[in-house]
Amino acid sequence: MKSKNDNKSKPMSPTVKASVKATASSPAARPNPATNAPMRGMSRSPQPNPAMQIKQQQPIQQNDSGEEFDLQNTPAYRLHQALAKARGKKLLICIKGYPDPDNIGTSLCLQWLARHYDINTTIIHFEAISHHENRALVKKLDLDMIEYENNFDVSGFDYFAVNDSQNPDLPIKLPADCKLLAFVDHHKTLGTVEGEFVDIRESSGSTSGIYGEYLIEGPINFRGNSVEESRIATALMHGIRSDTDNFVNAQPIDYRASEYFAQFVDKDLLSLISHQSIPAKTMDLTQIALQRKDIRGTFMFSGVGFVRDEDRDGIGQCADYLLHREGIDTVVVYGVVGNQFIDGSLRTKSHTLDPDKWLKDVFGADEGGKYYGGGRKDKGGFQIPIGVFARCNDRELLWILIKKTIDELFYQKIGIEEDANIDSDLASQKG
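Start counting the sequence shown at 29; every next residue gets the next number (our numbering).
If you are wondering where the hints come from, they were derived from the structure by calculation, not from laboratory data.
The C-beta atom is built at its ideal place from N, Cα and C for all residues, glycine as well.
All the given hints hold, so there is nothing to weed out.
20 Å max Cα-Cα, derived DMTMM-like pairs, lysine to aspartate or glutamate: (1) K377 <-> D406; (2) K167 <-> E338; (3) K207 <-> D181; (4) K117 <-> D181; (5) K405 <-> D273; (6) K309 <-> D337; (7) K385 <-> E436; (8) K295 <-> E256; (9) K405 <-> D348; (10) K441 <-> D384; (11) K407 <-> D273; (12) K295 <-> D273; (13) K309 <-> E161; (14) K167 <-> D339; (15) K117 <-> D186; (16) K201 <-> E177; (17) K441 <-> D322; (18) K118 <-> D181; (19) K201 <-> E175; (20) K201 <-> E155; (21) K167 <-> E257; (22) K124 <-> E230; (23) K124 <-> E161; (24) K407 <-> D348; (25) K407 <-> E230; (26) K124 <-> E177; (27) K207 <-> E222.
Computed spacing ranges between beta-carbons, pair by pair: (28) I306 <-> A204: 39 to 47 Å; (29) K321 <-> K168: 30 to 38 Å; (30) E222 <-> L437: 30 to 38 Å.
Given these sequences and hints, build the entire structure.
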């Protein structure tokens, strides 16, 4: 089934919010979604399941401007319709790229919602959890996630889901009959996405904010009586904080969701996760980035050489720090990670530079049409495999080649010529 991005739902008026909240939380209308049986202490009269509740709501409502909209067509209710369709099935929730607070939190929330429909879920990630805050998040919340290995058995899964990614393409092959159940994101999408439920909101600062809307407006929400709800709310709040740069780039949907999550978060735990000390290696990388900075107008470029897999997140943190320099509005920091990829991070405060378009223009796409780079409002990243050059035993020579190539691409993009003495400069910058 093909689902198109539907961003046309209007904000609900206070009257409508109260009506939906009453329907969602009222004992008479709140069966146990997993069994369709009454909750403990409730009347044992027959109860509808959440999917049926969707159809029984008054369909036409008005927002604060008096405009009518169809409650049944809101993203929150369409998500529950998709989950109801997958009742009793097996769902693989996939975290693409390196796990971060936004995709971790939303994966946990989707897992929690799916459990109400007897859906058997597994959360899997394909890259190591490298950022120190993310490692703390997983450890302190005792999260159950599996890092993919070649012997992981993907057979038997009926559906898969992806959050916080520009497309649902996976680095592994799933069974032909395994369908996309849910795809939720706030980035610019790459092509058409087909699935049971698709919700892409570029107007949101985070995917966690979108899931907050599902909990506020949907038939199943937090009740504040379980440790699990507190863990998920804490992860989602951290996801919003992280993806919006401490709310600097937050949108109305993020603030609304944060107000909702604030009722349930473990504030001490959130503070602990959010204030992890900076690893020594990240400080070392920052020092290298400062030493090798290349300032061109309002741009700053810096190649930091060879970086271990476990330190790759330090590249983005270097870019964050360098952006504070006076007179600079765009920073790009890059390095060779794990002797396999050229990994880079872009940060900008320019009002005219679009990180997504800028990086796509610079690096293009591979033969399959997959772009090497991408981004959103104020940040972006790129990853380019070095391929056969990984066999080069002369690391200094390899780094000179990589830096010269990458810098030339940057110079061409911003319209300047390479310095005549660049080769001697490169020779002094050992990887």
